[in-house]
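Could you put together the complete structure from these sequences and hints?
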Amino acid sequence: MTTDKKPAVPGNRVVNKRKLEERRRFLRSIILGAAVLGISTLGYIPVASAWRVRMRPPGALEESDFLSSCIKCGQCVQVCPVQAIKLDDIDHGFGVGLPYIDSRSQACDFSCDAVQCILACPTGSLVYKKPVFMPTRNGMRVANPPILLAKEKDPEPTLNIRERTGLARLARPDACLAVQGKGFKGQARGADFKGRMRFIEVDRWKPIPLRDHPFDLQLCDLCVRTCPIKGAISLQPVVDKDGNTRMTPTVHEPCLGCGVCEMICPVESAAIVVDARKGWGA
Amino acid sequence: MANKYWESVRVMLGGAPRKSQPGEYTEEAKTIHFYKKSEKLDFDALRIEAHEHQKKGVWLRRRWITLLVINLLFTVSFWLDIQILEGALTASRFLGFHLIDLNSALQVMLAHKHIIVNLFIGTGTVFVLWLLVGGRTFCSWACPYHFLAENAERLHVYLVQKKKISDHTFHRGVRTVFWVLFALMAIITGYTVFETISPVGILSRALIYGPGLALGWVVLLLLFEVFYSRRAWCRYVCPIGLTYGMVGVFSPLHVTYKLANCHHEGECKKVCEVPHVLDCVIKGRAPTAQLDIGADCTRCGMCIDVCPSGALTFEIKGLRRIM
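Quick mapping for you: the protein sequence lines, in order, are chains A and B. Each residue of the first sequence is one higher than the one before, starting from 1 at the first, in UniProt numbering. Each residue of the second sequence is one higher than the one before, starting from 1 at the first, in UniProt numbering.
Hints in this document: simulated from the structure, not taken from any laboratory. Quick caveat, the model's predicted, so the values are computed rather than measured. Treat the hints with caution; some may be incorrect.
27 Å max Cα-Cα, derived DSSO-like pairs, lysine-lysine [as the list claims (entries may be wrong)]:
#1 B:Lys19 - A:Lys17
#2 B:Lys113 - A:Lys129
#3 A:Lys194 - A:Lys182
#4 B:Lys270 - A:Lys17
#5 A:Lys19 - B:Lys164
#6 A:Lys130 - B:Lys19
#7 B:Lys19 - A:Lys19
#8 B:Lys37 - B:Lys4
#9 B:Lys113 - A:Lys86
#10 A:Lys278 - B:Lys113
#11 A:Lys17 - B:Lys269
#12 B:Lys163 - A:Lys19
#13 A:Lys17 - B:Lys283
Right, here's the structure in full:
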């Protein structure tokens, strides 16, 4: 400023000038405060409007507890053998950095057996068993310990989680190949699909790309044959409104909502989908 | 002695550095100040000398290498699956040991109101680590946003020198207000509100898990710092810095100032990220012949690099007496 170079001004004026600058600085600070707080609370909008209902990794606390307890470090992402877990971006507001699973592109196939994401979580956002004071909605807890088909012959065949992340639902029965009585031949999701899965008949531990494991089926039952949980889904004869009996994939209570059926469904878009955070009977 | 710590906390919380009262000067300091008064110094000559004797970024290089190694170790641990440092800066595991960022942990505890053992252990590990090396050392030696902001700051200073823009300051106390507000928001809303806009978390995750829209926010912050206010986020907003600053109040590692060596060119204050901690280098201010720089100091070492007379050095408390 040029005023600095001017010869002596009355002392009184110097004080005023400094006071003026202090006042400006104070006002600026208030504006800064309001701006930062305003911007940070913008994050509430996507959360309050439930922007997109995300499916959380296995063992996740109820959504509000999950949002408050997750420290956003991504250690769950790092241990997942099929890289099913992704982190949300800032368009999810307070949900930025929170893990989710998009079943259609990569489902959790329990190929880790132990649900390592839960082990990796440092803050208890993912837990094998919820503390008693943390509420669980009705229908989230499965009636019996879920049996992992890959471990069926082991002395301890059950998974050590008891709660579902969601529930599978035949969303478009008309599109379902089984309902149409059609078979399926080839790569379940085409040659470009990057999703991976473990097939017990190939390797008990190592997931392989889905495209490397083609099928040849008289009647499509991909969702049933790839489901990792015993008794979660089966093909049932169902009488439709025209009086015809058709084989229909039917979801049962042991379904954990892992999303393998949604990932493997060869129809675009999937005939069977997983409703995130939905309980049995809800 | 307790007074010294209280003063450094007061300044860190936003108080203006206080001039020492006449009675607070030691005899030794008085003598040095007395002789300095009679010295006739040619400041231009001193400046030239200063530039000749600068250590040309020794500590800067060490610090940048450390900062980049820490952050890239996260990245390679995940990409190459070598599992040395898993997670992100908010929470991680180093060779299996839980490390949890104090401010992130605090936000989670306040929002969730429930603490589990791993969270507690990880917080303890980090607390001890930064207690030893000085809390705000985190800022300049580990924070990825610091690396960007530091370079944005250079650009800002350059533009101010060229008179293209002018700098706007805020009251430093606003950072303390933010700290309290973010804590309150976490308690009241039950969300880790600060984590949403924390450029530290955003950048750390972007480095490890890939970039996203959130980087746009970081870019906005940097633009604000380049064109409007020097180092605004670190100086006036970031509660992480304040949390770590508190941890480092009694830290044994600090920058120390030797009055006798100082020629008062003021080079150190120009490069300092937190110049209010260096008020003691102003002629006639230092009450003792040797004193430690306050808790808000980030131990970045830039003042040490730039000081031509060795008046500023890193020191570990206690070691002075032993050696």
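Now the hints, each set against the structure:
1. B:Lys19 - A:Lys17: holds (22 Å)
2. B:Lys113 - A:Lys129: Holds. B:Lys113 to A:Lys129 sits at ~18 Å (cutoff 27 Å).
3. A:Lys194 - A:Lys182: With Cα atoms ~25 Å apart, A:Lys194 and A:Lys182 stay inside 27 Å; holds.
4. B:Lys270 - A:Lys17: Holds, because 24 Å separates the two Cα atoms, which is no more than 27 Å.
5. A:Lys19 - B:Lys164: Answer holds: A:Lys19 to B:Lys164 is near 26 Å, not above 27 Å.
6. A:Lys130 - B:Lys19: Given pair A:Lys130, B:Lys19 is violated - Cα atoms ~56 Å apart, limit 27 Å.
7. B:Lys19 - A:Lys19: Distance ~20 Å between B:Lys19 and A:Lys19 Cα, so the pair holds.
8. B:Lys37 - B:Lys4: holds (26 Å)
9. B:Lys113 - A:Lys86: The given pair, whose Cα atoms are some 26 Å apart, holds under the 27 Å limit.
10. A:Lys278 - B:Lys113: holds (26 Å)
11. A:Lys17 - B:Lys269: With Cα atoms ~24 Å apart, A:Lys17 and B:Lys269 stay inside 27 Å; holds.
12. B:Lys163 - A:Lys19: It holds: about 24 Å lies between the C-alpha atoms, which stays within 27 Å.
13. A:Lys17 - B:Lys283: holds (25 Å)
Violated hint for the displayed structure: number 6, the only one.
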